[in-house]
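Counting from -11, one number per residue, gives the positions in the sequence shown under this note's numbering.
Just so you know, these hints were derived from the structure itself, not from any lab. Treat the hints with caution; some may be incorrect.
What the hints assert, rightly or not - Label-pair distances were calculated between CB atoms; the ranges are:
1. D35 / A64: 40 to 46 Å
2. A18 / D127: 46 to 52 Å
3. E24 / M(-11): 17 to 23 Å
4. Q141 / P(-7): 30 to 36 Å
5. E122 / K14: 26 to 32 Å
6. Q144 / A55: 43 to 49 Å
7. K172 / D35: 40 to 46 Å
8. M(-11) / M119: 46 to 52 Å
9. S(-10) / G58: 16 to 22 Å
10. Q141 / T83: 37 to 43 Å
11. N145 / A173: 32 to 38 Å
12. A173 / S33: 17 to 23 Å
13. P161 / L96: 14 to 20 Å
Unchecked claim - Okay, derived cross-link-like pairs now, DSSO-like style, lysine-lysine, Cα gap no bigger than 30 Å in a straight line:
14. K47 / K32
15. K32 / K14
16. K172 / K120
Note that CB positions come from ideal geometry on N, CA and C, so glycine has one too.
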Amino acid sequence: MSAKPRIERAALEVFAAHGVDGATTKLIAARAEVSEGAIYRHWKSKDELAIGLFMAAHKRLSDLIEAEAGAVHGVAAKAAALVKAYCTAADEDWTLFSFHLLQLHHFLPYYQDDGRDPVTLVEMIIKYAMMKMELPPGDPRVVAAMAIGVITQTAQNKAYGRLGDDALSAHAPLMTAAVLAVLKAR
-11 MSAKPRIERA
-1 ALEVFAAHGV
9 DGATTKLIAA
19 RAEVSEGAIY
29 RHWKSKDELA
39 IGLFMAAHKR
49 LSDLIEAEAG
59 AVHGVAAKAA
69 ALVKAYCTAA
79 DEDWTLFSFH
89 LLQLHHFLPY
99 YQDDGRDPVT
109 LVEMIIKYAM
119 MKMELPPGDP
129 RVVAAMAIGV
139 ITQTAQNKAY
149 GRLGDDALSA
159 HAPLMTAAVL
169 AVLKAR
């Protein structure tokens, strides 16, 4: 494996263990078994590296939500698709997913306002279902926050070791039922 992917993987592990603010290029370099200079050959700063990793995870999750939800029809199928998108991202690369999940607050200023972030995509799915009268009327922003919260709170508990070593997808049926309950509640 060349240096850049090793540095990215090491950075994820260090960010996951210490947070972005607690991580240093020295820790990342040691984990990747490279010099600190090797990091600066690819990125201007630790923050640029962190932003790039975060945005890659963010884009991957957005792409999964669009693909999964776009392939199905009906509220129940969309709820399952949403859960599947999050579970796929988590199960593919738990370290990247948990970094994205646990460091989200750090990257809010870097969001691109293009409507292709996970939250906006879920809001649009819910708004469209409300317009088609498939869901009771309500504020799509609040309903989306609650629906996503079912998944992300479960993932957060997994990250904190409260759910054992199961893949996030092991909890998909229950999360799907809970998301569907949130979507239909008023």
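Verification of the hints:
1. At about 41 Å, the CB distance of D35 to A64 agrees with the hint of 40 to 46 Å.
2. The hint said 46 to 52 Å for the Cβ distance between A18 and D127, and at roughly 48 Å that hint holds.
3. For E24 and M(-11), the Cβ-Cβ distance of about 19 Å falls inside the hinted range of 17 to 23 Å, so the restraint holds.
4. The supplied range of 30 to 36 Å is met by Q141 and P(-7), whose beta-carbon atoms lie about 31 Å from each other.
5. As the Cβ distance of E122 to K14 is approximately 53 Å, the hint placing it in 26 to 32 Å is violated.
6. The beta-carbon spacing between Q144 and A55, approximately 24 Å, falls outside the hinted interval of 43 to 49 Å.
7. For K172 and D35, the Cβ-Cβ distance of about 42 Å falls inside the hinted range of 40 to 46 Å, so the restraint holds.
8. A C-beta distance of roughly 48 Å is found between M(-11) and M119, which places it inside the suggested range of 46 to 52 Å.
9. Checked against the given bound of 16 to 22 Å, the beta carbons of S(-10) and G58, roughly 35 Å apart, lie outside it.
10. For the pair Q141 and T83, the beta carbons lie near 19 Å from each other, so the given range of 37 to 43 Å is not met.
11. In this structure the hint that N145 and A173 lie 32 to 38 Å apart at CB is violated, the actual value being about 22 Å.
12. For A173 paired with S33, a C-beta distance near 44 Å fails the hint of 17 to 23 Å.
13. Distance hint check: the CB atoms of P161 and L96 are about 31 Å apart, inconsistent with the given range 14 to 20 Å.
14. At roughly 22 Å between alpha-carbon atoms, K47 and K32 fall within 30 Å of each other, so this suggested pair holds.
15. At roughly 14 Å between alpha-carbon atoms, K32 and K14 fall within 30 Å of each other, so this suggested pair holds.
16. Simply put, K172 and K120 have alpha-carbon atoms about 14 Å apart, close enough for the 30 Å limit, and the pair holds.
Hints 5, 6, 9, 10, 11, 12, 13, counting from the list given before, are not met by this structure.
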